[in-house]
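In the order they appear, the protein sequences are chains C and E.
Under my numbering, the residues of the first sequence are numbered 283 to 650, in order.
Under my numbering, the residues of the second sequence are numbered 283 to 650, in order.
Simulated from the structure, these hints should not be mistaken for laboratory data.
Do not rely on the hints blindly, as some may be mistaken.
Derived contacts from chain E toward chain C, CB cut-off under 8 Å, selection only [stated by the list, open to error]: (1) 292; (2) 362; (3) 367; (4) 435; (5) 443; (6) 565.
Cβ-to-Cβ under 8 Å is the rule here; a few derived chain C residues that face chain E [unchecked claim]: (7) 375; (8) 630; (9) 631.
Rough simulated footprint, nothing fancy, chain E against chain C, three-plus residues with beta-carbon under 8 Å [claimed, not checked]: (10) 334 to 342; (11) 376 to 389; (12) 475 to 488; (13) 568 to 575.
In this text, a Cβ means the ideal position worked out from N, Cα and C, and glycines have one as well.
2 protein chains.
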Amino acid sequence: MTDVLHSPSILEVALGDRSYPIHIGPGLLGDPQWLAPHLAGRQVMVVTNETVAPLYLDRLTRGLADDLEVRTLVLPDGEATKTLASVERIWDALLAAGFNRHCTLIALGGGVTGDMVGFAAACYQRGVAFVQVPTTLLAQVDSSVGGKTGVNHPRGKNMIGAFWQPRAVLIDTDTLATLPPRELSAGLAEVVKYGLIRDADFLAWLEAEMPALRGLDVAALTRAIERSCLLKAEIVAEDETEQGVRALLNLGHTFGHAIEAHQGYGQWLHGEAVGAGMLMAAELSCRLGWLTEGDVARARAIVEAAGLPLAAPAEMGVDDFLAIMRLDKKNLDSRLRLILLRALGDACIHDETPPETLAALIEAFPRR
Amino acid sequence: MTDVLHSPSILEVALGDRSYPIHIGPGLLGDPQWLAPHLAGRQVMVVTNETVAPLYLDRLTRGLADDLEVRTLVLPDGEATKTLASVERIWDALLAAGFNRHCTLIALGGGVTGDMVGFAAACYQRGVAFVQVPTTLLAQVDSSVGGKTGVNHPRGKNMIGAFWQPRAVLIDTDTLATLPPRELSAGLAEVVKYGLIRDADFLAWLEAEMPALRGLDVAALTRAIERSCLLKAEIVAEDETEQGVRALLNLGHTFGHAIEAHQGYGQWLHGEAVGAGMLMAAELSCRLGWLTEGDVARARAIVEAAGLPLAAPAEMGVDDFLAIMRLDKKNLDSRLRLILLRALGDACIHDETPPETLAALIEAFPRR
């Protein structure tokens, strides 16, 4: 695997004149060749958070040429900061610096940073360039690719946002060395998701490699990132604005968003909520006669092996779930749309779950 | 002209799968056939302001079918309310009503309403449908067409926004009957602009018809609106996101934005500032040797005939103008880009005005 580790791989998200590369490999931060081609003009603002700044901000800015006008902005960390107020801080900083519409924003951090910076870029002077430099596994395999940007509203997750594609995604696998185990597991939830929705072979590979992944084996992580990004890039290229197949990427997310919203953003990590949510979707798929008990047991085993919760919060009742799920963006008018599994590796969009079946699943699902 | 008045004309903004019609004529409000085809789902929110609501809100909602879930939101009026806080009120109302991403927003009002509602639609759940129902001449001939949406920031006009196209533009010419003379003149500034930048014949027609237009002659206003929308639709179809020719629509706007920002939003109407700004651009074009003194006199005469200011605010010095103009969105890096006139009816983008020439023009321009 040595060659893989020293020659960054390049994938492409094929979106016509908005196509962009995903570079995956070690040592990308601090190496000027990766960022320079994707800057729109001479004005560059790097936005990161208080956790990532001391680790990687200097390394990234070292990779920016001397003739650029570089500003940095460090925001607080955590899902609770993913608000319009944080995005306003970015806009204020851009305007205070006199940045024009040919500037470039660089998002250095996890999914919260990428979503907020992408949204700030989408709406600053009606849209400026941005580059994703994700430093968490979750952001590397999911949120940094595909152009979904936005912030939370007290009434719902990601309710305010835009589709706005980055100019490039730079995934420096070295950054995973500092990732806390809980964040690693949260990222693995989205990796497992790709196997469950679309790639049974990848799922089987993950079952075998999960100990290596959790042990931060770089070769295994690199392969997991590449495969995840490839699957995501394919889906996004097919359906950029989620009119159809892209919705499959939301496996576990409607249940998961309900958990996050009910618990207060940041109590459960997004990936943790998705982990439990995918199991709820798997169990519901079994109740509908699509998955076998054995399939569900496999799903549960890999979620457990990834270090993710297998149960919902103790205090969440059926009504708590349903009330929040009904406002979810993925619902068409009043029908509850869920992503379910016809088989392991084969997801579908389903809006005909009988209400009593859904309520029974939520009622019976383990609590912790 | 009777037929024109009773058979609404239809123009199209040709943008591929985002193409949309502009309907122009009397009696469109309250007639269900114009709105119904452009609604995305059953949830509809009409957003208007305190001035327009008592005049036209009932008439518009009468034109919506009984089986729709219709909400209304009335915001304060005026450019000073074109803020992110107002857009947040729209988002809060949408979420409080449980509106999903298949809802439709209807903007009923002038340019401020249209810009804010369009931006709210662009970012609600990453983008929902909206329809423009402009009730001022300025909004009918300019801001409702072309998908520029956004709000002001204390540091600059329209600094936060998005390109987001409406599903349709419904221009009910009956609404002009209640338009105050000052607002009518402000709208005529943008009408004159089309003649100056692209259509010398239209300019000559406007010179002849200005008394009729200011006298609210419906046939003349309808023709002015149709021609203006046609010219705007052509330019937008050619260059949706202002990479090139669309910038010509900003004739007078860089000077005008400086006046608006310096005076405080809402003190000068946008069209008034554009009127004075177009004269500044014309006089600068003359200093650069492109326009004759006679051309400038014609430009001044038509701006005067439209009832617009011929002078800048007394208290604005050269430095006041330059400081604000340098932050304008239309500037590439540090070069000041201006829209100037090579001839009446032929605008160009110019970024090589010698700073001393610009300063001398601003210094010499009349103050009031």
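Hints that the structure is at odds with (numbers, increasing):
1, 2, 3, 6, 7, 8, 9, 10, 12 and 13
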